[in-house]
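Starting from two chains that each stand alone, build the complex the way the hints lay out.
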Amino acid sequence: MRLKKHYFEDIQLFRTTASLVWTILFLSLLAVLPFIIKTYYLSIANLMALNVLVALGLNILVGNTGQISLGHAGFVAIGAYATAFLLEFGMPFAVTLVLAGLIAALIGALLGIPSLRLEGPYLAIATLAFGLAVLVIIGRMDIFGGRMGMVVPKIELGWTGLSYDVSLYYVFISITAAMVVSAYNILKSRVGRAFQAIRDSDVAASVIGVNLAYYKTLSFAISAFYAGVAGCLWALYLQFVSPGNFSFMLSILFLATVVLGGLGSVTGSVMGGIVMTFLSIQLEKIVEVPILGTLIVEFSNTFMNPSGISNVKWVLTGLILIAVILFEPLGLNGIWLRVKRYWNLWPY
Amino acid sequence: MITQLLISAVVAGSIYALMALAMSIIYKASEIPNFAQGEMAMFSTYITFVFLNMWGYPFMVALAGTVIFAFLLGFLFEFVIIRRAKEPNLLGFIIITLGFQMILYGLAGWKWGSDQRTFSLPFSESEIVLQTDAFVLTEHNLASLIIAVLVMVGLYLLLQHTKLGLAMKASQQNVKAARFNGIPTDRILGISFGISSVVGAVAGILVVPIATLDPTMMWDPLLKGFAAAVLGGLRSLPGVVVGGFLLGLVENLFGFYISVEFKSVVAFAVIVMVLFIRPSGLFEKHYVRKV
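These protein sequence lines are chains X and B, in that order. All residue numbers for the first sequence refer to my numbering, where the first residue is 8 and numbers rise by one. All residue numbers for the second sequence refer to my numbering, where the first residue is 60 and numbers rise by one.
One or more hints might be untrue.
Stated by the list, open to error - Computed spacing ranges between beta-carbons, pair by pair: (1) B:Leu225 <-> X:Leu10: 45 to 55 Å; (2) X:Val294 <-> B:Val139: 21 to 31 Å; (3) X:Ser314 <-> B:Gly115: 17 to 27 Å.
Hints listed in this document are in silico derivations from the structure and should not be mistaken for laboratory results. No residue lacks a Cβ here, since even glycine has one placed at the ideal position from N, Cα and C.
Chain B with its partners taken away, still in its complex shape (with noise of 0.2 Å):
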């Protein structure tokens, strides 16, 4: 049975990971938590599903397409609004953030409708792979780990050994100091947006097969991913990796061995405890602000 619980753990655990880090690499670029996060994948998802069903792409085009639309609906987000605040502060950004969901949020269920769909992927929940006495494993188990495991390889690659990565870092690090050396700043910042659009809208697919298409999947990936962002330590990316994982443990042992009732509150719970104890998160020091 623990077999079984490590993987249903593992999935959550991708999938919250990788809401994380989406969250993760704007509040490094930015210090904006997106609240919008989870409707841009979800709309992204809808993306999918219409180039899938109703023009009958095959899958790759479709991931293809809905990879574009994703980088760019997080670019034209910065663009468009983010960069037009004036006095700019937490709140007026986490407002912002909050309306965007909601026009996001607003148009979804008015193009698509409030009914459910389904959508086949090449991964679904109800093919198995591996089936064993102790546990049993699906396509869609397998396709999330190798998926997740992908994007944060790839992520590895690009902040690492390229130049965009470089230069995001270093705009992250100082934004003066980027742009007397030459660095687009705030065309970077729009590239953060997409790519943490692009992050979200993966976490979207894989979400799918479990729940069903429709406006309000991302709404419990999105709380949760942002918890398990503040419980590693929202500017630390591995740390977010590892918070989503153990949020995705933890939730899945205590559904398991105490009650499922409260199993989507413990996440909470877990993470105000930590945040008394460390309230920067795990990974990450905390810092009392300069007057």
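Bound-form chain X, shown alone (with noise of 0.2 Å):
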């Protein structure tokens, strides 16, 4: 077992020479991966990589300092419409990425400072109160197009020679492996630390001469970037925004993949991320796996309804939610960690 002997050490990016092996080789892997698999196949992995962003940003804010918030849909929604009009104003793309993601954070702060008093089920109730009132206001104002939503026009990736999709795809990964990256250094830095000392107690996090007000709508800030930046991405996917992708389900998803993946940890986001996509695309055409969804149809023909069979899903959802918190709430990372250092340790 390998123990820190060195403040450097605490503070480095890749602590043994075998993770950064494994990372270029996941990083080769991600580049020439739309070579090797369908175009479908390549949505998939923009869908995850959304996710993980906002997972990212999510668990700076829940896992790293402890405030609960119910209503991150609506810093995606926020990005998410502010590349719609942006890019309708002809601003270049990568302005637009920056400008969404710094929207969401300036709203993010705004929304910080009436929360630096509430903690627990009172923060819990004025960030749902935010994503619904997000939601109200997309939904019933004429300039945001209102039930309708808005259609985003494509951005300009002709000058990389390839295909619109595969172009598409190389600026997801890249946009995601760098904010990636940046939530480590932040996670590892002086920032990081006073996140971690607001969690685990706010009044002696206090005492040693952490800035509670600036600390806690830093990280919402920070937080509402990282959603901002999945919303600017997100909008590009879809290529058409509405009030209905952004619901009170949407963020209690992004809670559960953080939860998923593992409070805390850079490494449990992305997992979770991925995981979460899967697990919900997987879901939604459970009745085609081999021997499960024959018993699942025929559950639903002898005591269910069979045309309410799509529900199977939620139901899914909900039993995997439950028993992460059951049998690991640590999540995936816990799963990851305890595998680790078994074989670390391998053989004793």
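Structure representation (structure tokens):
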């Protein structure tokens, strides 16, 4: 077992050569992926990248700072609508991306201010209110297209010399990779340690000199920035934004992603985003799964209503959430850590 | 017109107050904000529907069946799921209740389909009891208020004048001390969940005549009820009732005089403002947790 001996080891990105090698291998796999798999699977990979982005941001807020948010779909919606507007006005994509994130971050900071004094269920209801308010505002105002939504123009990617889908995939993957690295760096810095101090006990943190107001607001802003960037990519992915995309259920699914991956861990967010996307796609067509699918259809015909069988995905998602909390509170990251420790100490 | 507004405020307020009471009973007992409350109420209401329309029992039998079912649902939720949680923390509990909510939502949609159904209760929205120039009072208006008050009085008697109520209050105040005094705190917690589920189910039955029976019917009442509970202070039962009626009033006045479009959001805006001034609700003292 390698123990940390020096402060430098605490902040370096790759502690072992093995992790460096594996990261490079993983990134090169992502780079050659478009030439191996079909375009349909590329769009799934894009969706995974989106969910990883939101999970990263939400995990910084929930897992590392200990503030609950039930309104993260609101930030994603803000990013997505900002993108729709800015691209309509002919802004270049790079500027749009940053602005979408910054607008969401600004609103996140504003939401952070009334939330400074709140905790637990009180904070939950305040963020929930925020998510619903965003939904109603974009759904009722004509400038946002109302219930009909807005069409998002395609961005200019012709200069890459590749097809639009493949170029979009590279855009998504490179942005996500950059954001993963920044999340690692934020959490390893002074800011990240302040966040964790607030999570463990905000009174104790303020006693040792952490500025609570500043860092709580900062945490909301960073988290909203991630969600805003994800919203920008979301708009590009669907090429269409409407209020129906950003319901309360979406906020819950984001929270579920973070918990499934593992609270307070960047690796966990990445795993959670990938696995949750995979699960939700698989659960949509659970009936086609060989043995389990037949059993479910049989059960459905005998006891339930065959026409409502699509609801089985909610039952299974709920069961997975409860099972994670009951049996593996640290999520996928907990399993990963256990596996790693086992092989580190092997054969003892 | 103002009388009519007050009537609808009281009807909405009674439903919110019942949901808020249900949330508050559980929160006081275990510090869990139960997001599955709405779906538990919805599921129990479907049981009433099954009793009334599918099996053709009279309303009183259906009501008794629903109350028993709701109690068991709440009790088993605590016994089978909540009690098994390792290293419980607030977020974990929130996720568990959200997961349970999804399961119930999925099961109801699966069994009874997403098509909307209506069924006849002894009190309906279309039967008029009293009509004057100024207002119309329907059977449902009157029934909501009476039933809500009956439930509140019942809860008050249960908590203040029975041994069970005493045990519930004792385990809310200090679990360890209650256990040393021979109170089976685990079982009391399960019973609290059961009672809360029954209160929610009553709210569900009151919602049906003004909405339609479908799996999403309790979403709005749940969120408003939660908001009302937070407004009143979550731990104080009289506080959350006041919060519920206040919310119904604000919502209806705002909807009539200012804007119907933003009616459903104003409640939350009010709550955020109230919380900004009083972080633990109107009727609750704010404590900063010690290190």
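Now for the hints, and whether the structure bears them out:
1. Between Leu225 (chain B) and Leu10 (chain X), the C-beta spacing of about 54 Å keeps the proposed range 45 to 55 Å intact.
2. Taking the beta carbon of each, Val294 (chain X) and Val139 (chain B) are about 27 Å apart, inside 21 to 31 Å as hinted.
3. Look at Ser314 (chain X) against Gly115 (chain B): about 24 Å separates their beta carbons, and that is inside 17 to 27 Å.
Going down the numbered hints, you'll see the structure goes against none, and every one checks out.
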